[in-house]
Amino acid sequence: MIGPRPYLRPAATSWWMHSPYLAYTLRELTGVAVAGYAIVLLAGLISLASGKSVYDAWLDFLRSPWSLALHLLFLIGMIAHVWTWFQIMPKTMPRLAFRGRIVPQNRIAVAGLAVATAAFVIIVLAAEWVQP
Amino acid sequence: MGAAVKRSIAPVFWLPFGAGGMLAALTGPALVLITGLAGPTGIGISPGFMSFTRVTAFAQHPLGKLVLFGTIALFIWHGAERIYLTLRDMHAGGKLALMWICYGTAAALTLVAAGALLIIGVG
Numbered sequence: 001m002i003g004p005r006p007y008l009r010p011a012a013t014s015w016w017m018h019s020p021y022l023a024y025t026l027r028e029l030t031g032v033a034v035a036g037y038a039i040v041l042l043a044g045l046i047s048l049a050s051g052k053s054v055y056d057a058w059l060d061f062l063r064s065p066w067s068l069a070l071h072l073l074f075l076i077g078m079i080a081h082v083w084t085w086f087q088i089m090p091k092t093m094p095r096l097a098f099r100g101r102i103v104p105q106n107r108i109a110v111a112g113l114a115v116a117t118a119a120f121v122i123i124v125l126a127a128e129w130v131q132p
Numbered sequence: 001m002g003a004a005v006k007r008s009i010a011p012v013f014w015l016p017f018g019a020g021g022m023l024a025a026l027t028g029p030a031l032v033l034i035t036g037l038a039g040p041t042g043i044g045i046s047p048g049f050m051s052f053t054r055v056t057a058f059a060q061h062p063l064g065k066l067v068l069f070g071t072i073a074l075f076i077w078h079g080a081e082r083i084y085l086t087l088r089d090m091h092a093g094g095k096l097a098l099m100w101i102c103y104g105t106a107a108a109l110t111l112v113a114a115g116a117l118l119i120i121g122v123g
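Sequence lines, in order, name chains E and C.
Sequential numbering from 1 applies to the first sequence in this note's numbering.
Sequential numbering from 1 applies to the second sequence in this note's numbering.
Okay, chain C solo, but in the shape it has when bound (with noise of 0.2 Å):
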């Protein structure tokens, strides 16, 4: 027949979202209750925890951008994920409409974080 095999791009976003969901589960219990809960209000934790001069520091430090790049990145692209195959289901919109909105956003965010990190600098 020699007609050329339709590749789906659907696997791509399968790799951010598997690994964003397997970082979440491990990680993102702990996160918002240390960032969103006790960091902020200091219950439990030292108020200081989260003063511009520490977080500053970590966010220079390469490993420490990789932690903040990872996680905001990897969560968004799982999140972006989710929400594209429900609205789908949900027949909230066309096939390509709904992917440049779920991962148009989703690609904007990440470029966002790098920005940030990269005018952060290294200290």
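So here's chain E without its partners, still in its complex pose (with noise of 0.2 Å):
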């Protein structure tokens, strides 16, 4: 054989059901909250394109308990991603000097969930302001 054979370290199959490694599977888990909640979206915009009776049955499911559970826990998901994406991001970006100084990997952290919370808080209140 050509080229190199890097060497792995034997590992049980199940290595991401246990602590260190659980909490970087349930951090990939909220992608699974991110696109479950796009495909609920996407099949409303289906049922959107076929008429009216076909998007009120998908609002009916909408109000179902199974689907308040779901969207429940897709909002867990989503507080979850906000809150390690601003930890991953100050590590995975460049280093970013102010006046000749590097900022510190936690405040960037912290100025991205000020962020985000006040474009929770805006969205929210669009959403409050358009309605009927």
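None of these hints come from the bench; they were simulated from the model.
Check the hints yourself; a few may be wrong.
Which chain E residues face chain C? A few, computed with CB under 7 Å, are given here [claimed, not checked]:
# : residue
1 : T117
2 : F120
3 : I123
For glycine and all other residues, C-beta sits at the position ideal for the given N, C-alpha and C.
Please assemble the complex out of the two chains, which come individually in their own frames, going by the hints.
Encoded structure:
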């Protein structure tokens, strides 16, 4: 065999279920919440294109306990996504300097969370503003 | 040597992953609260907030189309990248198979969203 053959340390196939990797698994699960919510929206868009009766059936589904429980899970996943996203952001972006000093990572995370909180308030207020 | 550099395709998927992740971090909780909890139940917001005529008018407007398409497509591509990388780390399958399943599903759903917006038209 030609080329490098990296050594792979043997690991149990259930490594992702146990600490400390469980935190990583839970963070990646937020991606399921983000995509799952988008699929519910897409179903609504398809029903909207199909006509009023189909769209109203989608709205009825949204009112069901199943959907409300699902969206509660989506909401928890989204909040976890916001939290972890701004923890990761300073680690993945180029180092930021302000007046010749490196901006600490936790300050970037706090700034990101502040912007996300402001965006949340603005969107909710905008929705209240445009309601019939 | 002259050997061709084998470029990775991975960065192509990092852009929608990053864009979708940032969009979800800024809008996700508010959107789920409004369209998934408050809107359907009418708690805290008018019960007619998501009525057929209102949502149709929104989806017929070019800006509304952009918001709907951007949100749905970027959220799906963000999730697809996360699910793909995690399944890879779990050794759930071969690289090519997982890429086809995750990115293929995301691409198909993106096309469906575009098709639905086309059918809804511009009023």
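These are the hints, each one checked on the structure:
Interface hint at T117 (chain E): violated, since its Cβ lies 10 Å from the closest Cβ of chain C, which is beyond the 7 Å cut-off. Evaluation of the F120 (chain E) hint against chain C yields a held restraint, the C-beta minimum of about 5 Å falling below 7 Å. Hint status for I123 (chain E): holds, given a least beta-carbon distance of 4 Å to chain C, under 7 Å.
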